[in-house]
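A.B. asks: Listed below, chain by chain, are the residues.
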Amino acid sequence: MNAQSLVSAETAAEAPRAIPVRLTVNGRAEEVLATPRTQLAEILRDKLDLTATHLACEQGVCGACTVMVDGRPQRACLTFAAECDGATVETLEGWEGDALMDRLRAAFARNHALQCGFCTPGMLATARDLAARLETADETRIRHELSGNLCRCTGYVGIVAAITEVIAERDAAGIAPVAPPPLPEPAPPAGFAPFEPVAAPQPEAAIPQGETRTEDGWTIVRRSFVLDHPADAVWAAFRDLATVARCLPGAELGSTDGDRFAGHVAVRFGPITARFEGEGLFAADDAERRGTVTGQGKDRGGQSSVAGELGFAVAEGASPGTSEVAAELRFRIEGRLGQFNRPELVSGLVDHLLAEFAANCSALLSGGPMRESRGISVWALARAAIAGLFRRR
Amino acid sequence: MKPAAFDHLSPESPAAAAAMLSEGTRILAGGQSLGPMLNLRLARPERLAGLSALAQLRDIREERGRIILGAGVTHARIEDGDSPVALPPMLRHVARGIAYRAVRNRGTVGGSLAHADPAADWVTALTAMGAEVVLLSGSGAERRVALPGFVRGAYRTALGPQEIISAVEIPAAMRDALWGYHKLCRKVGEFADAIGAIAVHPASGHLRLVAGATGGAPLVLSGLGDGIARSGAHPGPAALRSALAAALPGADRVKLQLLATALDRAIAKVIPA
Numbered sequence: 001m002n003a004q005s006l007v008s009a010e011t012a013a014e015a016p017r018a019i020p021v022r023l024t025v026n027g028r029a030e031e032v033l034a035t036p037r038t039q040l041a042e043i044l045r046d047k048l049d050l051t052a053t054h055l056a057c058e059q060g061v062c063g064a065c066t067v068m069v070d071g072r073p074q075r076a077c078l079t080f081a082a083e084c085d086g087a088t089v090e091t092l093e094g095w096e097g098d099a100l101m102d103r104l105r106a107a108f109a110r111n112h113a114l115q116c117g118f119c120t121p122g123m124l125a126t127a128r129d130l131a132a133r134l135e136t137a138d139e140t141r142i143r144h145e146l147s148g149n150l151c152r153c154t155g156y157v158g159i160v161a162a163i164t165e166v167i168a169e170r171d172a173a174g175i176a177p178v179a180p181p182p183l184p185e186p187a188p189p190a191g192f193a194p195f196e197p198v199a200a201p202q203p204e205a206a207i208p209q210g211e212t213r214t215e216d217g218w219t220i221v222r223r224s225f226v227l228d229h230p231a232d233a234v235w236a237a238f239r240d241l242a243t244v245a246r247c248l249p250g251a252e253l254g255s256t257d258g259d260r261f262a263g264h265v266a267v268r269f270g271p272i273t274a275r276f277e278g279e280g281l282f283a284a285d286d287a288e289r290r291g292t293v294t295g296q297g298k299d300r301g302g303q304s305s306v307a308g309e310l311g312f313a314v315a316e317g318a319s320p321g322t323s324e325v326a327a328e329l330r331f332r333i334e335g336r337l338g339q340f341n342r343p344e345l346v347s348g349l350v351d352h353l354l355a356e357f358a359a360n361c362s363a364l365l366s367g368g369p370m371r372e373s374r375g376i377s378v379w380a381l382a383r384a385a386i387a388g389l390f391r392r393r
Numbered sequence: 001m002k003p004a005a006f007d008h009l010s011p012e013s014p015a016a017a018a019a020m021l022s023e024g025t026r027i028l029a030g031g032q033s034l035g036p037m038l039n040l041r042l043a044r045p046e047r048l049a050g051l052s053a054l055a056q057l058r059d060i061r062e063e064r065g066r067i068i069l070g071a072g073v074t075h076a077r078i079e080d081g082d083s084p085v086a087l088p089p090m091l092r093h094v095a096r097g098i099a100y101r102a103v104r105n106r107g108t109v110g111g112s113l114a115h116a117d118p119a120a121d122w123v124t125a126l127t128a129m130g131a132e133v134v135l136l137s138g139s140g141a142e143r144r145v146a147l148p149g150f151v152r153g154a155y156r157t158a159l160g161p162q163e164i165i166s167a168v169e170i171p172a173a174m175r176d177a178l179w180g181y182h183k184l185c186r187k188v189g190e191f192a193d194a195i196g197a198i199a200v201h202p203a204s205g206h207l208r209l210v211a212g213a214t215g216g217a218p219l220v221l222s223g224l225g226d227g228i229a230r231s232g233a234h235p236g237p238a239a240l241r242s243a244l245a246a247a248l249p250g251a252d253r254v255k256l257q258l259l260a261t262a263l264d265r266a267i268a269k270v271i272p273a
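Here the protein sequences come in this chain order: A and B.
So for the first sequence, our numbering puts the first residue at 1; every next one is plus one.
So for the second sequence, our numbering puts the first residue at 1; every next one is plus one.
Hints are supplied without guarantee of correctness; some may be wrong.
Derived DSSO-like pairs: lysine-lysine, alpha-carbon spacing no greater than 30 Å straight-line [claimed, not checked]:
| no. | chain 1 | residue 1 | chain 2 | residue 2 |
| --- | --- | --- | --- | --- |
| 1 | A | Lys-47 | B | Lys-2 |
| 2 | B | Lys-255 | B | Lys-269 |
| 3 | B | Lys-187 | B | Lys-2 |
| 4 | B | Lys-187 | A | Lys-298 |
| 5 | B | Lys-187 | B | Lys-255 |
| 6 | B | Lys-269 | B | Lys-187 |
No wet-lab data here; the hints were simulated from the structure.
This one's a predicted model, so the numbers in the text were calculated from it and none came from an experiment.
Given these sequences and hints, build the entire structure.
C.D. replies: Shown next as structure tokens:
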């Protein structure tokens, strides 16, 4: 037995079992066995040899995989095996004898509505839906509706023309659209007579946001908070790496000699999870009451990496017996998580994490309970960034 | 890319779905937000409990002066007004602006709220409409949370570890509301850069002005909103900008300008300039 078959035997034992999926594709009843993670597009292409359905972005953006499911266009990349059980699917290979699709194919050819043809299967699924659903061929509406199908060749002119022609042919042939009741156009602004508003329910007081900026590819989140303890006492706690780590949600310190350390940070951001393993360096300046934790780490399988630095400075507070802590987190995420291109959400989370850090510091110094963050789907990516804290070089 | 392996669970009821939730088990509603995260392997759940077979989550009805939308109602059904009770025009209009038709055909209102992406439409629009979210626990207990407050931040909600959203309740008065909704996106169907929403129903004293896509929870501008109700006048762009700057001290100038513009245009749809 070679190494490869050993691996696959092991994987097969762990992998979730394939489930039977029964579906009707282009009028034929089919039954396939597929693991739950199998996309509808893969069932069509790999199990049923229906390769007209194309896969490109697999994020629901490009529209190449659009097929008709139960009479409605849907993304075949975002529909997984169990969800297609019992579905009726129509792909480009089907549509036999369909009056609208026959006209669309002819109109696409006539209007040069395709060049390389990669987007065309998805484009025709969307076009079929528009040709059946739109009451009139309004160009703006058609263009808006086509925003979910990317074409990089034609500039859409031919595609819009083809759909417009087919809607006209449909009307001429007396085929009724299946249009839903029209959406009433919003009334022109008329204003209203002043009135006394009823107070809205107040959400829990939000913690004020910290400051966020980006600099040379680094995201920097800064937040200050006041602790009801004298600066010396706060610094005495903060100059100990173990204490700082305890206050960081999701962080766990492994080995340390006081300066260098290893550890991990578990990240949960909505459905996103990661666990960064890494190492770093801790430095404390007693005279200035400043500390920095720098580090970097990788998550499981090395799919993402994060580098970062947490700096904190403790100063006397405005009133006696209090102190003010300025915390700043600089971080950079690369790899898969970095592809999650929503920087403001990530910095929002990191800010939330710093707020948790502040709350934990306060609780720790007061001898109260730490906020338990594990198991709550909250403190998320923040931790990824925090992970940043814990890794360097 | 393909998702990491996961197992599929088929709960027999909404409460059973809530009871299945655990560290490694997540809900799969329409999958139009979770799906991309699975395909990118940003999310790697061990198990997904699918809700699409649960017909009771697809109900739309009206009771006690409230329109009750099942959590599993798709955006496309709302857009089409495919409902036994009339839906408020604002609801249908907002639904049409969500992503793309192929996404709207699967994506659900409950899934969108539970995902709580700040740039998504429902979290902001339903906040303006004064909606409440019905949360169902694994034991079958229900509780209601008003929309300002349900969303706590990006991807953070009031949902407990073993709770799902079973429905959204909207005051039936919203059918007659004056409303404005304006979304700024770089491309039609993309995540919004800024959202402005206002819903006004003088008879019930309702005026809610909300800024969405702030990066965090939708921002209810109650001071400005009360002023608009009492004066019946557009506060003007300068007042919008300063209220936003005060409420979002960390936000950059571009964000503030986009939000002020979206709010300005939303209000202008209700109050003539």
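A.B. asks: The structure should be examined with respect to each hint, and the outcome stated for every one.
C.D. replies: Each hint tested on the structure:
1. A:Lys-47 with B:Lys-2: Answer holds: A:Lys-47 to B:Lys-2 is near 16 Å, not above 30 Å.
2. B:Lys-255 with B:Lys-269: At roughly 22 Å apart (the allowed maximum being 30 Å), B:Lys-269 and B:Lys-255 satisfy the hint.
3. B:Lys-187 with B:Lys-2: holds, 26 Å
4. B:Lys-187 with A:Lys-298: violated, 34 Å
5. B:Lys-187 with B:Lys-255: holds, 17 Å
6. B:Lys-269 with B:Lys-187: holds, 22 Å
In summary, the structure is inconsistent with hint 4 from the numbered list given earlier, while agreeing with all the others.
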